[in-house]
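Student: Residues per chain are reported as follows:
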Amino acid sequence: MRTQCRGLEEALRDGTLGENAELARHAETCPACGELVRAWQELSGAAQRMRRTWQSPDLWHRIEQSLSTESGLREGNPVRGPGWYRAFSNRWFAAAACAAVLVLSVSLGWVLLRDDQPQQSRSLRADPEFDKKILTDQALRETEAAEAKYIESIDRLEKLADPLLQKQTSPILLNYRERLLLLDDAIADCRAGIQMNRSNAHLRRELVSIYQEKQRTLLNLMKEKTDDQP
Amino acid sequence: MSDSLVSKPADPSDESLSEGCRRHSLAAYQRLFETHGGRMKSLAYNILGNTADAEDAVQEAFLKIFRNVDSFKGDAAFSTWVFRILVNSCRDIQRRSRRRRAEVRDSDSSDEMNALPEPTAADHPLRISLEQSLRKLDARSRTVFLLYEVEGFKHREIAEVLNIPEGTSKNLLFHAKRELQVLLSRAGRIGRA
Chain A
1 MRTQCRGLEE
11 ALRDGTLGEN
21 AELARHAETC
31 PACGELVRAW
41 QELSGAAQRM
51 RRTWQSPDLW
61 HRIEQSLSTE
71 SGLREGNPVR
81 GPGWYRAFSN
91 RWFAAAACAA
101 VLVLSVSLGW
111 VLLRDDQPQQ
121 SRSLRADPEF
131 DKKILTDQAL
141 RETEAAEAKY
151 IESIDRLEKL
161 ADPLLQKQTS
171 PILLNYRERL
181 LLLDDAIADC
191 RAGIQMNRSN
201 AHLRRELVSI
211 YQEKQRTLLN
221 LMKEKTDDQP
Chain B
1 MSDSLVSKPA
11 DPSDESLSEG
21 CRRHSLAAYQ
31 RLFETHGGRM
41 KSLAYNILGN
51 TADAEDAVQE
61 AFLKIFRNVD
71 SFKGDAAFST
81 WVFRILVNSC
91 RDIQRRSRRR
101 RAEVRDSDSS
111 DEMNALPEPT
121 AADHPLRISL
131 EQSLRKLDAR
141 SRTVFLLYEV
151 EGFKHREIAE
161 VLNIPEGTSK
171 NLLFHAKREL
181 QVLLSRAGRI
191 GRA
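Protein sequence lines, in the order shown, are assigned to chains A and B.
Under the numbering used here, the residues of the first sequence are numbered 1 to 230, in order.
Under the numbering used here, the residues of the second sequence are numbered 1 to 193, in order.
No wet-lab data here; the hints were simulated from the structure.
A couple of the hints might just be wrong.
[Stated by the list, open to error] SDA-like cross-link-like pairs, simulated, lysine to any residue; straight-line CA separation at most 25 Å:
1) B:Lys154 with A:Leu174
2) B:Lys136 with A:Gln212
3) B:Lys73 with A:Glu147
4) B:Lys170 with B:Asp138
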């Protein structure tokens, strides 16, 4: 394969073919590359025809109903008006607001009466719950940094393993590819769960173990490649 | 694919939309539906293969957004977070229907991988072949292809939607197109691979 043919393939992968006039000229003179570019353009053209539009007159109504049910609003008693008015018209909300004002007033009075207490005792930093929260946040940041390192390392390994995987010359390589796809699905599921609750330690542990597994699989794959070579 | 079709994190309309949704304002959810509903339906349709499931997926996604909007930290664009939830809802629907089929042991041999979108009057032979070939790809490559080529997302956005590195998105698209090219050229629909 000529250098320019390889370059064209890379440009197709990165989506930068349009920015490289030299490669575009090459595609006009090289029959194989020209055919490849035409085929990809046809594919993109057909893909754009896959976008579907249709009328769904009831869909918003269905969504609105399910959201109203979820938020506890009673059906058939919609409150009209701007957002703040609708919110304040909710009796429960008004009651909660009154309770909050009452609690705030009592707290303020209590703080003023305890004026002679040492400053340190009122400090948030003296509160063990506060320290605990900081530690939790710190742990979360560290976990996320470790995960980012795994992603970085896996990304590098994937780049190395990718040409080998695409050859699909043996059942072993096909097995590796399947296994990596399964692991990717598991990672996506795990991350979707974490998205809902970032502090879920169980999911975090599971994600790290899947990352480790993927890293091991990719390293084994690379070893496989090295063993194959004479 | 010159311009992004979903909003950037700093986009004021994206921010005001996420703020409204955080306040659980129905008007904000209606705006979200008006802005992204069409593309959400189209993507769900191409993943699930029929309009009824696609609409269910969109409805389910809205409910999940409503329930979990507080967990949106603003690291990515709100709209890409919305599409991530949609893709997960589509997966859930696929899993549920797979389980249902396994329970019922229906004699019908069709499964989700073979469930083709309903044909329309404007059907184009290459498009139909493409839809059939897409079913033969793995789920992730198929989703990347649909997001990039059909819905016009950028790789950066796809990376956010699918929680994968941008390079992986590019690779998955490249291999998806390579595989589709082979399948379609075998079927005599496009030039030789």
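Student: Against this structure, judge whether each hint is valid.
Tutor: Hint check results:
Between Lys154 (chain B) and Leu174 (chain A) the alpha-carbon distance is near 29 Å, which puts this suggested pair outside the 25 Å criterion. At most 25 Å may separate the alpha-carbon atoms for a hinted pair to count; Lys136 (chain B) and Gln212 (chain A) exceed this at roughly 29 Å. As the CA atoms of Lys73 (chain B) and Glu147 (chain A) are separated by approximately 18 Å, the hinted pair is consistent with the 25 Å bound. Only pairs whose Cα atoms come within 25 Å are accepted, and Lys170 (chain B) paired with Asp138 (chain B) is accepted, the gap being roughly 15 Å.
Checked against the numbered hints above, the structure breaks hints 1 and 2 and satisfies the rest.
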